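Student: With the sequences and hints as input, model every part of the structure.
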Amino acid sequence: MDILNKSGTSNSKNAKTAYKAYDALDKLNSEQKEAVLNTEGPMIILAGAGSGKTRVLIHKVLYLINEEKCRADEILMVTFSNKAAGEMKGRIEKYLNSDNLPTVSTFHSLCARILRRHGVNIGIDHNFVIYDTQDQLSTVKECVSLLDLDPKQARPKAVLEIISSAKNQMIDEKTYKEYAKGYFQEMVASIYPVYQGMLEEHNALDFDDLLLKTLELFRTHKNSLEYYQNKFRYILVDEYQDTNHAQYELTKYLSQKNKNICIVGDFSQSIYSFRGADFRNLEKFKRDFPDSKAFNLSQNYRSTQSILNAAYSVISNNSLHPILKLWTDNESVSDLVIHEADDQHREAEFIIEKVKKLMNNDPSLTLSDIAVLYRMNAQSRTLEEILLHHSIPYKLIGGVRFYDRREVKDVLSYLSYLSNAKDKIAKKRLEKLGKRRFKDFEEYKKDFDEKNYIENKSTIEILDGVLKKTKYLEKYDEKDTEDMGRLENIKELRSVAIEFPELIQFLENVSLVEQEYLPDQTMEFPDDAITLMTMHAAKGLEFRVVFMVGMEEGIFPHSQSLFSIADVEEERRLCYVGITRAKEHIYFTFARERTIFGQRANSTPSRFIFELPEEIRELNGIAYDAGAPDFL
DNA sequence: GCGCCATGAGGTACG
DNA sequence: CTCATGGCGC
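The opening residue of the first sequence carries number 1 in this note's numbering; numbering runs sequentially from there.
Everything labelled a hint here was simulated from the structure, so no lab data went into it.
16 angstroms max Cα-Cα, derived EDC-like pairs, lysine to aspartate or glutamate:
| no. | residue 1 | residue 2 |
| --- | --- | --- |
| 1 | LYS89 | ASP73 |
| 2 | LYS213 | ASP125 |
| 3 | LYS471 | GLU442 |
| 4 | LYS491 | ASP464 |
| 5 | LYS422 | ASP449 |
| 6 | LYS286 | GLU249 |
| 7 | LYS20 | GLU68 |
| 8 | LYS475 | GLU407 |
| 9 | LYS213 | ASP172 |
| 10 | LYS213 | GLU249 |
| 11 | LYS174 | GLU216 |
| 12 | LYS583 | ASP329 |
| 13 | LYS451 | GLU461 |
| 14 | LYS445 | GLU461 |
| 15 | LYS427 | GLU201 |
| 16 | LYS252 | ASP291 |
| 17 | LYS583 | GLU331 |
| 18 | LYS428 | GLU201 |
| 19 | LYS491 | GLU407 |
| 20 | LYS471 | GLU407 |
| 21 | LYS491 | GLU474 |
| 22 | LYS424 | ASP410 |
| 23 | LYS20 | GLU93 |
| 24 | LYS471 | ASP440 |
| 25 | LYS422 | GLU442 |
| 26 | LYS395 | ASP527 |
| 27 | LYS471 | GLU443 |
| 28 | LYS468 | GLU407 |
| 29 | LYS469 | GLU443 |
| 30 | LYS468 | GLU443 |
| 31 | LYS539 | GLU87 |
| 32 | LYS424 | GLU142 |
| 33 | LYS293 | GLU40 |
| 34 | LYS432 | GLU142 |
Quick caveat, the model's predicted, so the values are computed rather than measured.
Tutor: Okay, structure coming up:
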């Protein structure tokens, strides 16, 4: 095999980390190996949960480079989160002793970069700001008041949802009115063009625009498109079931010329249709690339067979998409338990008892091996209370993100407004921080513009200058714990500012990169703690022990999903994602009675409980096998 | 310009 | 019940 010869030629100064294709390929199973070795042309990898998908992607990249199919910088790998991109990048870099690296990026960062460079072709200033959800909401509010509409009827949040989903379907502000049906949508049709005009005036793009404007650029400027088609000769896209229409089109455009595109996904793990994802893109791809080759990764390395059986038993109730049946060689010692509790407090107590027992029986088990998964964040409160009461450390994932925090957003608005004075949304926010303060800030801005600080001063100098001039920190009282936290966050922001001395780069970084933010609880227990999070947040993770709580109709599946089959199927996929997080043991719990939003009510066990394999239900005394329960 | 109270809504969430 | 928001009074 000529891989052997090539492995020694380049990149192998450091024997410890240099990539050796022949070694690496030996460690792959035959399905994985086939997927790695097929380099040319369009291909689709259906990768089940825990099937080593990341591994395959990384080895594909390394193999391409090692086989000299292309240079590293001719490879583009697209992921959905910065976290995933960072991990991929880290793992690839470890094997490459070279400065020439592949581009690993999210769709949004990639598009932002493309637009900074070539957006001028379609009238986009290279200095544009990126509006996040909060800015978008403020913009919609502006439009609503400008158009003299009643904010109670044109609820900004609802309006924005419609605009965003229109954008996801690539319907622009001019054509939307043709699609609008009914009173509300017609109202949105009148707001959408105003909203879009306002963004333009502000020299701003929202996240959806990043994708749409890039598509517009590709459609109208062949040169720009060809530049990227030539640059990225090999393209890999992860989590393809999560792409929306615009992202689908982007991958199509970019790969049109070389057709070396590898997409990876899993129908059964599509859980983001509410934000525009369409798992049917996996099927559409086959139609658009009729000569594409298909590969399946069906061997699971994470869970026991009985966990996989449980997951399959549930997901096989879905009919709107194909299902990949997984198998494993893993030893099958596994707890699968269904537990009925009196109420949500007893449910939490059950978890604690169980955790204690498990840890007694198995000294190798630590708290960080354990996760409690729930459908919605509101469910975490009772769990937190009881864990706190029993002094069991936990870390809570979720909540307000770092860059969404008020104080962080305030400081960023100052900086963003300095770099782009057209941003009226930032201006409005700053005015709200006090007239005096804004006046002082304007004085600073005058210096900033006249003395060209943007080139002569570093981000941290500017940031500190603004803080000093506006006395912003005086808003907060060091003795107040909440304020203290806010001051801490600004400190944290300062350290990011030090990392990015160029203001424009700093702003680009903060609008596109979500920083890992740990809430206070985690700070107190940095090491070993139980993880509490939603099932959505758990995607991609694994734990030796998983508790899925609140398995009740109306909670999971969520009440708002019950009107459509497609929505219930998405809930079921979420259930599948939850189950497949577990390596060894899984516990499903539900309460007979639950207080939610201050309302106490009896609950019915989730339909998903009844979809678990009969043996498990029998073992747990939940063998309603007289057919479907009456709620169905 | 700040803070209080009434009101209303309440899913999941990446960039 | 809890949190965010907006209007209004001081």
